[in-house]
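S.K.: Please put together the full structure from these sequences, using the hints given.
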Amino acid sequence: MFNAHPMVTRLAFVASDRPEAIEARARLARRYGDTPEMEAQVVVALGGDGFMLETLHRHMESGKPIYGMNRGSVGFLMNEYSEDDLLERINAAERALIHPLRMTAVGVDGVMHKALAINEVSLLRQTRQTAKLRISVDGKVRLAELSCDGALVATPAGSTAYNLSAHGPIIPLDARVLALTPISAFRPRRWRGALLSHTARVTFEVLEADKRPVSAVADNFEVRDVTEVHVAEDRDVGMTMLFDAGRSLEERVLAEQFSA
Numbered sequence: 001m002f003n004a005h006p007m008v009t010r011l012a013f014v015a016s017d018r019p020e021a022i023e024a025r026a027r028l029a030r031r032y033g034d035t036p037e038m039e040a041q042v043v044v045a046l047g048g049d050g051f052m053l054e055t056l057h058r059h060m061e062s063g064k065p066i067y068g069m070n071r072g073s074v075g076f077l078m079n080e081y082s083e084d085d086l087l088e089r090i091n092a093a094e095r096a097l098i099h100p101l102r103m104t105a106v107g108v109d110g111v112m113h114k115a116l117a118i119n120e121v122s123l124l125r126q127t128r129q130t131a132k133l134r135i136s137v138d139g140k141v142r143l144a145e146l147s148c149d150g151a152l153v154a155t156p157a158g159s160t161a162y163n164l165s166a167h168g169p170i171i172p173l174d175a176r177v178l179a180l181t182p183i184s185a186f187r188p189r190r191w192r193g194a195l196l197s198h199t200a201r202v203t204f205e206v207l208e209a210d211k212r213p214v215s216a217v218a219d220n221f222e223v224r225d226v227t228e229v230h231v232a233e234d235r236d237v238g239m240t241m242l243f244d245a246g247r248s249l250e251e252r253v254l255a256e257q258f259s260a
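Per this note's numbering, the very first residue in the sequence shown carries number 1; after that it's consecutive.
Just so you know, these hints were derived from the structure itself, not from any lab. By construction, the Cβ of each residue, glycine as well, lies at the ideal position given by its N, Cα and C atoms. Treat the hints with caution; some may be incorrect.
[As the list claims (entries may be wrong)] When the alpha-carbon atoms are kept at most 27 Å apart in a straight line, the in silico DSSO-like pairs for lysine-lysine are as follows:
#, residue 1, residue 2
1, LYS132, LYS114
2, LYS114, LYS140
3, LYS211, LYS140
4, LYS211, LYS114
5, LYS132, LYS211
6, LYS114, LYS64
[What the hints assert, rightly or not] Label pairs and their in silico Cβ distance ranges:
#, residue 1, residue 2, range
7, ARG30, VAL74, 24 to 30 Å
8, ASP109, SER197, 30 to 36 Å
9, ALA255, LYS114, 19 to 25 Å
10, PHE258, ASP210, 44 to 50 Å
11, ARG187, SER82, 46 to 52 Å
12, ASP244, GLU61, 38 to 44 Å
M.R.: What follows is the structure, given as C-alpha cells:
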C-alpha cells in the first residue's frame, strides 16, 4: 500500500495534447500547485493509456510513481477523473511495479536498435505478403516457420492491450509469465501461442526478409525492415503506477477476464 511511504504533498501535472486534458491540468495545477517533474514526489498524468505509456517511458530512469487520471478514450491504465481529494487518493493508492521488455532488433543493414516496451514487443508484416518467422525460446527453435501477419510478446500489464485483441491470454500481474501470441496465423493455423516464464529469452528470425519485410515495434518505437529480434524482460528496470484503493491494476486485470 502506498500509505506505507512518506506523505505525498508535491505533485507534478502533465497532460496529453487533448483539449480536455490541457484544461484539466490548468485547473489541478491552480488547486494543488505544480511542482517541476524532477522535484515532485508523484507525477499525475492526464490523458489516455497512450499518454500513460509515454509518461512511464519518460520517467523510467527517475523511478517516480505515476498516477494517471483518464482524460482520453480508453483509460484502462488510468484512474477515474476527479478534482476532489486528490492528495488523499494518492496517499491511499495501491502500487503496481512494472518491469518492461527489452527489445534488440537487427535491421537488414546490420544496425542494431534497442528499446524498452511496457506493454509488448510486436513484429508486423510491412506489405501484402505474409510474414514468415522462426521462433526460438532460450536458444532452442520452438517453431521453425510461422506464416502470419505478425507475432508479439506481451507483459502481464500489456496482456489486456494488443495481446488481447490478437486473442492472447490475459495474465495476472503476479503470474511471472509472458505471453507469446501470433497475429492472424496462417500456418500452423491452429497455433494459438504460448505462455513463457518471465525469464525466457525469445528470438524471432525473419525468413525471406527481402521478399517479406517485417517491422518491430516496442510500444511506440518502431524499427523497419528487421532480420532478427530478441526480446527479454528487464528486471533491472522498474516503474511504479498508482491506482485508487480497491481499483488496483491486479483487480482490473482479474475483472477483465470475466467481462463479456
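S.K.: Kindly indicate which numbered hints from before are broken by the structure, ordering the numbers from low to high.
M.R.: 9, 12
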